[in-house]
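Asks: Residue numbers (my numbering), protein chains in the order written: chain A, 1 to 349; chain B, 1001 to 1349; chain C, 2001 to 2349.
A hint or two may mislead.
[Stated by the list, open to error] If you only want the chain C side, here are some residues facing chain A, beta carbon under 8 Å, derived:
(1) Glu2034
(2) Gln2155
(3) His2159
(4) Gly2178
(5) Gly2261
(6) Pro2327
[Unchecked claim] In silico lysine to aspartate or glutamate, EDC-like type, Cα no more than 20 Å apart, as pairs:
(7) C:Lys2332 to A:Glu91
(8) B:Lys1317 to C:Glu2318
(9) C:Lys2342 to B:Glu1337
(10) B:Lys1328 to C:Glu2315
(11) A:Lys334 to B:Glu1341
(12) A:Lys328 to C:Glu2034
(13) A:Lys198 to C:Glu2154
(14) A:Lys334 to C:Glu2341
(15) A:Lys334 to B:Glu1318
(16) C:Lys2198 to B:Glu1154
(17) C:Lys2334 to A:Glu337
(18) A:Lys317 to B:Glu1315
(19) A:Lys328 to B:Glu1337
(20) A:Lys328 to B:Glu1331
(21) B:Lys1342 to A:Glu337
(22) B:Lys1198 to B:Asp1208
(23) C:Lys2198 to B:Asp1208
(24) A:Lys342 to C:Glu2341
(25) B:Lys1297 to A:Glu331
(26) B:Lys1317 to C:Glu2316
(27) C:Lys2328 to A:Glu316
(28) C:Lys2342 to B:Glu1069
(29) C:Lys2328 to B:Glu1337
(30) C:Lys2346 to B:Glu1337
(31) A:Lys198 to C:Glu2331
(32) A:Lys332 to B:Glu1331
(33) B:Lys1328 to A:Glu341
(34) B:Lys1334 to A:Glu318
(35) B:Lys1334 to C:Glu2331
(36) B:Lys1334 to C:Glu2318
(37) A:Lys332 to B:Asp1208
(38) B:Lys1346 to C:Glu2337
(39) C:Lys2332 to B:Glu1341
(40) C:Lys2317 to A:Glu315
No lab work stands behind these hints, which were simulated from the structure alone. Bear in mind that the values here come from a model prediction, so they are computed numbers and not experimental data. Positions of the beta carbon are idealized from the N, C-alpha and C atoms, including for glycine.
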Amino acid sequence: MPLRLDELARLVGGRVTNAAAAPTVITGAASISEAQEGEITFFGNARYLSALRSTKASCVLVPEGFAEEIPTSLATIEVANPSLAFSQVLEQFAPAPICHRAGIHPSAIIDSEAEVDPSASIAANAVIEAGAKVGAGSIIGAGCYIGHNARIGEQCHLHPNVTVYDRTVIGDRVIVHGGTTIGSDGFGFEMNQGRHVKIPQIGIVQIDNDVEVGANVVIDRARFGRTWIGEGTKIDNLVQIAHNVVIGKHSLIISQTGISGSARIGNYVTLAGQVGVVGHIEVGDQAIVAAKTGISKSIAGKQVYWGTPAVPLREEKERLAFINRIPKLWEKVKRLEALVEKLAGKTGE
Amino acid sequence: MPLRLDELARLVGGRVTNAAAAPTVITGAASISEAQEGEITFFGNARYLSALRSTKASCVLVPEGFAEEIPTSLATIEVANPSLAFSQVLEQFAPAPICHRAGIHPSAIIDSEAEVDPSASIAANAVIEAGAKVGAGSIIGAGCYIGHNARIGEQCHLHPNVTVYDRTVIGDRVIVHGGTTIGSDGFGFEMNQGRHVKIPQIGIVQIDNDVEVGANVVIDRARFGRTWIGEGTKIDNLVQIAHNVVIGKHSLIISQTGISGSARIGNYVTLAGQVGVVGHIEVGDQAIVAAKTGISKSIAGKQVYWGTPAVPLREEKERLAFINRIPKLWEKVKRLEALVEKLAGKTGE
Amino acid sequence: MPLRLDELARLVGGRVTNAAAAPTVITGAASISEAQEGEITFFGNARYLSALRSTKASCVLVPEGFAEEIPTSLATIEVANPSLAFSQVLEQFAPAPICHRAGIHPSAIIDSEAEVDPSASIAANAVIEAGAKVGAGSIIGAGCYIGHNARIGEQCHLHPNVTVYDRTVIGDRVIVHGGTTIGSDGFGFEMNQGRHVKIPQIGIVQIDNDVEVGANVVIDRARFGRTWIGEGTKIDNLVQIAHNVVIGKHSLIISQTGISGSARIGNYVTLAGQVGVVGHIEVGDQAIVAAKTGISKSIAGKQVYWGTPAVPLREEKERLAFINRIPKLWEKVKRLEALVEKLAGKTGE
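Chain A extracted, bound-state conformation:
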């Protein structure tokens, strides 16, 4: 529904600082490059300044004290955090959320020994095995599989086609996106007479409250005990988490990262995209690991790391700088050689 500039400003706790030539009613929200006349956008990253100067938007959320020169036709609303404020605005223009009615779709297959809270919503073709429990208000998407004795807490949302193996324990308010597999066997074999013999994987996966797991992720069950994802941790798409990994609370594991068996990741850790972590090591609390880094031994917390093998970011940058200056070093050595040769001639060599 359309909103006036002053209504928007009040909504985000901001201040209209330039409204002279702007329309008084805003009808939608979009990015700087996609916004059209009558729409609001936001400016939160200096690299988009030139885009801002040519945007077709009619209003922009800017940081407090914003003083860049922009078209006079573009109204500004100053706020503490433009990105956060934009999220609030988006909710006003968002489509109505999808309603997942409580109850079990007639096509879902619920074992008579499963326990589904009456307020939960079980979608078409979901399968829930004996001994499994689904808590109050949880949504189990179409085609999901909940294995024997698995437990899904309250207010969870499993999107379609998620596979949850037996005995997995999932807390409250956990979101899992489509195509993800939780509880598959860890990759463990012993060589015996030239053949890989499977090591039984009889542990479980435990996912604590407020975790979000992306799409097509895999979290393997423990060989014994548990693979454990701590409260509030967020896992992006296509991440691999091997058996017996422990991730602490409120960490971010970005897309396509792989964590090998029995590694322990601390609290408030960030592993950026395509990071690899070898098995049986520790990553300290609040460590930040840059994309594509290969972590081959335990690293302390509260630092930024990069490279393969991983070193503190500053070291890796120095290393790269030194590499880039090798040609210069060659030149120096060649000059020296010439000079020394000349000197040697003079001294009778």
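Please build the complex by placing chains B and C on the supplied structure of chain A, with the hints as guidance.
Replies: Same frame as chain A, now just chains B and C:
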């Protein structure tokens, strides 16, 4: 069905150049190493020359002007493009294509407010939600999920167990392979009092005509606006495409590549396997990026890139050559040290 | 069920070497850090020695000749292989295995022309197409799709939501984990007038006996002939195997590795996590490739490789050592420069 050499030559617009000792009827097609007597193969890559000399095939498609010495029992057919010609031959020996009958399988769950063209084929256990549309001639595989208000164009083929979230827009003649998830939430959080608070992801995914998406791919919906895959672009298996990414037309995104949020990939770009692209940058038209490259800032088009951080291929090769010559540089410096020491002695140091 | 120390020792063929202060009955098994009083654990890796000294476990499996100082309250059982012995112990304390009853769940959709052995177990919502065969004792999980004319051997276990395309051939005792896609089209296109034209992919995937395939893996069908996974090979989660790849027997392909088209991997090869292999090359028998390595040309067997491009491990380690000593080389050169300048002064330059 068996074909005579001359029939095969006519089929591919080629010329039989050595048929003396060969059988007159060909009964199948296979690779150089797997082909058996009576079968045809093709030679399109010089590295397979020794394999060609020992193949059991009876006939081989070769480039025009082919003059290598090969067994006299091996008939040759000269063509402009042996690989392309082989595809034409393969069609003759291919098994009958699978027929997907128009209509809705009785086990499929189609919401009464969904709109499915009568010529579309909806397989067993597919789920199509309210407001979704499936166009003429499209095939929706077994166990696929088509979310609320999603739109699938005409002549599309979604293979089994694909998950399409609500409001996704897919054009015509789009192919999506099994296990892929389209429209999952972007990975966006704001830290608030020590917890990651989810940023609403209310945009969509738009996939234009003639795109092919591999198996177990993930394409996240936009935070707002759209994540957009341009016409004719082909995406390989296990690729990650984050929220608000825009990929142009006719690009190739090879397996296990990850593209971070809001990155813009141009037209006719090739990103080889396991490439990583950071967020908010641009990759220019016709750029070619080698496998495993990490792209950390915007790069211009029409060049080949390699390395982490990505640089033009030639630079990365030079960098590697310089690294490999460091031992030699050490030797030079040691020789110089010895010489200078000697000189210093002579001059009374 | 609880077991006495001597019963446990007999079970694993070991010897109780310190039982003075320990409880006589063991009630469970867990890792060194998670074990509680009354539980047994194992010690197989020297890095866990300090953890062992503070474990709450009551008994520990140790290697023969173990002589470290540990709490006297901790009973020890000496065995040849503590890890293997622990697996045997775990089976005693493991939950009862899930029973998959023979027969077809009423919700499964089996084509009248499919052939399912009466001893096989077909779970809820599985779909089996015309011409497909499922052998004796095999388990097809919920939501699995078995395409036309695909063949699943005996005693296989496909976990839920696996997609098997048409004509795939799977041997006996093969395990496939959830969300995996087998037989999807290879990524092959020919550029024609500015558009990528699909190259037909009419080959198959063949998986031999005793292979295990992880979760959310993709194995593409061959362009022609077959993509072939040899007997006893084990594939971890999220691995990509492109068209016409051949993997030998008893190899290990660790998580997130990608193997490009027509590459040939030998027998007893190990590719660690996130390795990339370019197309059309060979990896020799018993090669071991370290994590994140990029293999850009054929490599011989029986060696360890690392780096991008891959080189023998020793070379890559030397290379890294030389890189890390560049700063020292700069210092040497600067000292030389100063010295030579001084000498030049003395000799009248």
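Asks: With reference to the structure, classify each hint as holding or not holding.
Replies: Going down the list of hints, with the structure as the test:
no.: 1; hint: Glu2034; result: 5 Å, holds
no.: 2; hint: Gln2155; result: 13 Å, violated
no.: 3; hint: His2159; result: 7 Å, holds
no.: 4; hint: Gly2178; result: 4 Å, holds
no.: 5; hint: Gly2261; result: 21 Å, violated
no.: 6; hint: Pro2327; result: 6 Å, holds
no.: 7; hint: C:Lys2332 to A:Glu91; result: 63 Å, violated
no.: 8; hint: B:Lys1317 to C:Glu2318; result: 19 Å, holds
no.: 9; hint: C:Lys2342 to B:Glu1337; result: 14 Å, holds
no.: 10; hint: B:Lys1328 to C:Glu2315; result: 15 Å, holds
no.: 11; hint: A:Lys334 to B:Glu1341; result: 18 Å, holds
no.: 12; hint: A:Lys328 to C:Glu2034; result: 55 Å, violated
no.: 13; hint: A:Lys198 to C:Glu2154; result: 18 Å, holds
no.: 14; hint: A:Lys334 to C:Glu2341; result: 15 Å, holds
no.: 15; hint: A:Lys334 to B:Glu1318; result: 18 Å, holds
no.: 16; hint: C:Lys2198 to B:Glu1154; result: 18 Å, holds
no.: 17; hint: C:Lys2334 to A:Glu337; result: 13 Å, holds
no.: 18; hint: A:Lys317 to B:Glu1315; result: 18 Å, holds
no.: 19; hint: A:Lys328 to B:Glu1337; result: 19 Å, holds
no.: 20; hint: A:Lys328 to B:Glu1331; result: 17 Å, holds
no.: 21; hint: B:Lys1342 to A:Glu337; result: 14 Å, holds
no.: 22; hint: B:Lys1198 to B:Asp1208; result: 29 Å, violated
no.: 23; hint: C:Lys2198 to B:Asp1208; result: 16 Å, holds
no.: 24; hint: A:Lys342 to C:Glu2341; result: 12 Å, holds
no.: 25; hint: B:Lys1297 to A:Glu331; result: 30 Å, violated
no.: 26; hint: B:Lys1317 to C:Glu2316; result: 16 Å, holds
no.: 27; hint: C:Lys2328 to A:Glu316; result: 16 Å, holds
no.: 28; hint: C:Lys2342 to B:Glu1069; result: 67 Å, violated
no.: 29; hint: C:Lys2328 to B:Glu1337; result: 14 Å, holds
no.: 30; hint: C:Lys2346 to B:Glu1337; result: 18 Å, holds
no.: 31; hint: A:Lys198 to C:Glu2331; result: 54 Å, violated
no.: 32; hint: A:Lys332 to B:Glu1331; result: 14 Å, holds
no.: 33; hint: B:Lys1328 to A:Glu341; result: 19 Å, holds
no.: 34; hint: B:Lys1334 to A:Glu318; result: 24 Å, violated
no.: 35; hint: B:Lys1334 to C:Glu2331; result: 13 Å, holds
no.: 36; hint: B:Lys1334 to C:Glu2318; result: 18 Å, holds
no.: 37; hint: A:Lys332 to B:Asp1208; result: 56 Å, violated
no.: 38; hint: B:Lys1346 to C:Glu2337; result: 18 Å, holds
no.: 39; hint: C:Lys2332 to B:Glu1341; result: 13 Å, holds
no.: 40; hint: C:Lys2317 to A:Glu315; result: 18 Å, holds
Hint compliance for this structure: hints 2, 5, 7, 12, 22, 25, 28, 31, 34, 37 are not met, and every other hint is.
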